[in-house]
Amino acid sequence: MKRQILAATVAVITIVGLAGCSGSSGGSGGSGGSGESSGEAGGLISIITPAQENPFFKAEADAAKAEAEKLGYETSVASHDDDPNKQSELIDSAISKGAKAIILDNAGADASIGPIKKAEEAGVPVFLIDREINENGIAKAQIVANNAQGAAAVAESFVAALPEGGKYIELTGKESDTNAGVRSEAYASVISQYPNLVSAAKETANWSQDEAFQKVETLLQRDPNVQGIIAGNDTMALGAVAAVESAGLLDKIKIVGFDGSPDAVQAIKDGKLVATGLQPAVLISQLAVQQADKFIRTGETGEEEKQSIDCVVIDAANAEKYTSFALED
Amino acid sequence: MTATTTGARPSTNGRGPGDKGGTAKREIDYLGILLEGRAFIALIVLIIIFALLSDSFLTFNNLLTMTKHVAYNAILAIGMLFVILKGGIDLSVGSTVGLSGVIAGVLLQGWQIDAFGVVIYPPVWVVVLCSLAVGTLVGYVNGLLVTKFSVAPFIATLGMLYVARGAALLISNGSTYPRLGGDPELGNTGFGIIGGGRLFGIPTAIWIMVVFALVAAFVLKNTPFGRWVYSTGGNERAAELSGVPVRRVKLRVYMISGFCAATTGLIISSELTSAAPQLGESFELNAIAAVVIGGAALTGGRGNVRGVLIGAFVIGFLSDGLVIVGVSTFWQIAIKGAVIILAVMLDQAQQRIKRSKNAALAASSHSEPTTTPSTS
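From first to last, the protein sequence lines stand for chains A and B. Numbering-wise (the numbering used here), the first sequence opens with residue 1 and increments by one. Numbering-wise (the numbering used here), the second sequence opens with residue 1 and increments by one.
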């Protein structure tokens, strides 16, 4: 009971706070009142993403919020921490607040189907970003980064950095995460075309920098003449960089990562990392909000439901143009 | 009674009658010795197996690298030992590792004080002291919760696990502090030495582990505080009645654990020259495993530093060895679990044998039936 009161208080404070914020910065939002696909912009767009402690999801949420406010909407931002139950509650509260649209980075390809259906039935269109669900025709849009294409492109830079061939280590992500598998397969599909590149080890480091560091240190003891390390994300790549650096082999071993995180791009500028694949999180969020806006005004998005946005490789040539999870033109 | 016998050290006269009574039963002792040194034997067996499977396992450099990895866990486990000896548990150490790294990260990148519009760049030794202080503070809060508010240690430290992790995420706003190398102009270089440096060719992390182990062993064996820890864990009520300052002991052991966790956090962030708020997730479990494999009882009162070190080496060599041999990750996890279970099973077997032996001794000779449990 006490907890519920507390939760309600927090929710109210959050809503009031957010409304206050966007009211002062946004502009003409919220005046429409009871319009349903009324042909005009305005109203609340609810943005729900996984944990904000991850800079990737933070960039994604921030971009959606900025774009929505630019188009004249109020926003509320919340995170479900990859908990389907919490996601369901957040969607409920978005419905009851009368949101005009939900921008959602969902908490599970199957577990999210029910709550999304619920929102659609209540007349709130849902626009999925970053992750797909296992059913079509429910959400208005599913806009995701093309992991396979991006990973293949990163693998191409990896191969190009090792013209002589040699032994390489692959660090994979959490085995339960589909993206870990997709990236690893894409890496393999490219690297397997180059018979002079020999796999010395394929180890999971669970997306973790510390684990990658220890595993690479250990593996270098076994194979001191490794020439390359290809990692499933940037955090692991940076762990590998630290291990290779402390072994004094930085000029001999080429390392690549994936995600396009700010730290990784800095490492590229410092010449410690060869390349990373940029997931265009900012662009995806903006597209989702634009399509939501179009849907609210006209009743359709004008795009296919499933949209796959290509990743861009960041290397020394374009690292200077990088801003958090986006490339400037 | 139990309080003083499990207190271990004053056992010189306790051992006399035990030996005399044992001369007739020499044969049984082989099993006893085998069980007593099981963790050490397991370690030797591990080394032999891995050395046979891979040429690069038993090289000096690899042993050094593996020992360095062992050090991270061993330092945590030494702190954990104090808590477990007292009969508690500290689940917050992993989060404290992350928090202390983040504190170091903040201070090295420049601590912005908005009120004065200045950015402070403290020298490395101040940074280290601040991190250690914060870690000790987390331990202090744990201790307060356990003593003053009578929260069960499992719950109190589980709560602090989340609080400390949350604090680390709040301070860092979720992002990693990169490049902690410092700036020569600001005079705050040298952070990298703590974990990445070497002294006489040996990584500093190993030296730190050795120092911690020696100090901890000395404190537990040769100081009143050490005896208090054992007696509080053996029988808290009896200890209190015999004048042991139980609450102070409890408070101290959690602070020691927090201090050790902060040290590990500093070492790893220094090694990576970056501090991530997620650092240290599930480290507490490895530390507890090392303590348990080393023969300590989770109920308190029994265990020692030597055992904990061996436990940490078993876990560390096992996981690094499996990587070198090239066993799949899923097997690595399962094998680690099996080893922990096996260790505790053997421990139970040893206790049973000991109990029956004690009973036999008590029956045969009416002298003091006090063979002390393995504490030396």
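Just so you know, these hints were derived from the structure itself, not from any lab. Every residue gets a Cβ at the ideal spot worked out from N, C-alpha and C, and that includes glycine. Heads up, a few of these hints could be off.
[Unchecked claim] Derived lysine-lysine pairs resembling DSBU-like cross-links, with alpha carbons at most 35 Å apart: (1) K167(A) / K221(B); (2) K221(B) / K148(B); (3) K167(A) / K117(A); (4) K117(A) / K86(A); (5) K221(B) / K86(A); (6) K148(B) / K252(A); (7) K167(A) / K118(A); (8) K202(A) / K336(B); (9) K336(B) / K174(A).
[Claimed, not checked] If you want the ones that stay clear, here's a sample from chain B, every Cβ over 12 Å from chain A, calculated: (10) L63; (11) G98; (12) L129; (13) I155; (14) V163; (15) P184; (16) E236; (17) L322; (18) V325.
Results for each hint:
no.	hint	result
1	K167(A) / K221(B)	51 Å, violated
2	K221(B) / K148(B)	28 Å, holds
3	K167(A) / K117(A)	49 Å, violated
4	K117(A) / K86(A)	16 Å, holds
5	K221(B) / K86(A)	51 Å, violated
6	K148(B) / K252(A)	57 Å, violated
7	K167(A) / K118(A)	51 Å, violated
8	K202(A) / K336(B)	20 Å, holds
9	K336(B) / K174(A)	18 Å, holds
10	L63	9 Å, violated
11	G98	10 Å, violated
12	L129	23 Å, holds
13	I155	17 Å, holds
14	V163	15 Å, holds
15	P184	17 Å, holds
16	E236	33 Å, holds
17	L322	10 Å, violated
18	V325	9 Å, violated
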